[in-house]
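S.K.: Residue strings, one per chain:
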Amino acid sequence: MGKAKQIVKNFTKYNNLLYELVKKNIKLKYRRSYLGILWTLIEPLLTMIVLTIVFGTFFNKGTKQFPVYVLTGRLLFSFFQSATKAGLKSVSGNASMIKKVYVPKYIYVVSSVVSNFFIFLISLVVLVGVAVVLKVEPTIYLTQAWIPLIILFVMSLGTSLILATLSVFFRDVEYIWGVACMLVMYASAIFYPVEKIIKSGKGWVFNINPVYMCIANFRDSVLYGVPMNMYYCVLSAGIAVVLLVIGMVLFYKKQDDFILYL
Amino acid sequence: MKNNVAIKVKNVGMRFNLSQDRVDNLKEYMIRFLKRDLHFNEFWALREINFEVKKGERLGVLGLNGSGKSTLLKIVSGVLKPTTGYVQTKGKLAPLLELGAGFSQEYTGRENIYLYGAVLGYSKEFLDEKFDEIVDFSELGEFIDVPIKNYSSGMKSRLGFSIATVVEPEILILDEVLSVGDKKFRRKSEKKIMDMFDKGVTVLFVSHSLEQVQRICDRAIILDGGHLVAKGPVDKVARIYKNMTE
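Taken in order, these protein sequences are the chains called Y and S. The first sequence begins at 269 in the numbering used here and counts up one residue at a time. The second sequence begins at 104 in the numbering used here and counts up one residue at a time.
Next comes chain Y alone, as it looks inside the complex (with noise of 0.2 Å):
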């Protein structure tokens, strides 16, 4: 009961440096460009317009809305990647501080993983524009967009606290991770149609990775104006659940070494 109650006051009383944390992520990401956080839309338009040059045009795949077929699916992976990557050295790379003043330690994973996710967000704007001038329909499936994207923002945060525990006793992690993350990249279709590949019968490879899932949805939910594939909605948050309980144990049980290997 009393410790419940401590865990609580330590929560809210580091709140505040929760709040100054991300703003801070967010701030310094930009300072000293001219164009300041107006890269956070430039910079996936950018992206969007090679990917569809290179796979709509050369390999002739394009139909007038594949722009924003894979503007989504780019926007969701590279949430998660930069998402992971930064929660990843948030432990290791604030070392010096760890060592000095105490501080919960989740608290850098965590205001990692938020700042990433409201970089998303605001990102999240060039879609918007680029499904208007495609002429996009909205439907009312719109409204279920939000679903995956809390799916994923779950399952970033459980595998940051997964791979920073792990990178602070072994460096590899960083690298390994780096490789992963380009495996589920391929894996996501994020700029080849999934069909080709289900009617190949090799559609198990979506079946098993739950970022490309919430990409699925979300693009039921405002591309295609359909519903979510429950199945895939499910199974995602049921592992995205899964994910984030064995990062928060093995981060608790494992925080008190962090110091000594630092």
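Under the rule of at most 25 Å between Cα atoms (straight-line distance), these lysine-lysine pairs were calculated in the DSS-like manner:
1. K357/Y - K291/Y
2. K467/Y - K332/Y
3. K277/Y - K233/S
4. K291/Y - K233/S
5. K339/S - K111/S
6. K113/S - K521/Y
7. K367/Y - K113/S
8. K195/S - K294/S
9. K367/Y - K193/S
10. K297/Y - K252/S
11. K367/Y - K522/Y
12. K227/S - K295/S
13. K522/Y - K277/Y
14. K277/Y - K195/S
15. K111/S - K157/S
16. K281/Y - K193/S
17. K113/S - K522/Y
18. K353/Y - K522/Y
19. K302/S - K287/S
20. K521/Y - K184/S
21. K522/Y - K357/Y
22. K281/Y - K158/S
23. K193/S - K302/S
24. K295/Y - K252/S
25. K227/S - K277/Y
26. K302/S - K291/S
27. K193/S - K105/S
28. K281/Y - K184/S
29. K273/Y - K195/S
30. K273/Y - K105/S
31. K368/Y - K357/Y
32. K273/Y - K111/S
33. K368/Y - K227/S
34. K353/Y - K521/Y
35. K353/Y - K295/Y
The set of hints was computed from the structure by calculation and includes no laboratory data.
Given chain Y, put chain S in place with the hints provided.
M.R.: Same frame as chain Y, but now just chain S:
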């Protein structure tokens, strides 16, 4: 914990792993694990430390270099978790150890007041309210809107000190002399700390200077090689320490 006790240190031990070749990659770990070559060079920086500090008491921690003083401070301030035993503290704690840990170099002084304040657990409202007081005390004036990577080290520690002491703590943890900034600022900061003493703050003060401890503290303990070898009124402990060091 009894009501009049501010800090209670019970059976505290701290073990470090001092392996020369620290294994921090997976391959190495697996190879050594299979070869059963994972030896840990253990080192106990502290062993079985027991003491209490009553409210309003000022306890000096004496010891030579490497006796475990700083480790003890880090444990009391919560940075390190002891391998054995526990520490309990009651009241608002202000560790004046590493001033400015958590400063962002890219941030201006103004932004860092809010960031470092948050690191120390202050609320935003509190910082809004105390902002002018902090800036005044730090004497930074117009430099408050300059990124602190352009500050001199004296300016940085002045800012750190001003933020850390803006609260009225019930427990103050001090390491060595507070040699902050130039002579003028040092006098000012010493005065601020003396004011806190007058208000009856509990102090844990670490030093290897006997003269300082005698001036500030009313009780003292001696650490030697991680063991607590003496505790009691400061004069008595001072005599023991003198014999030890001569």
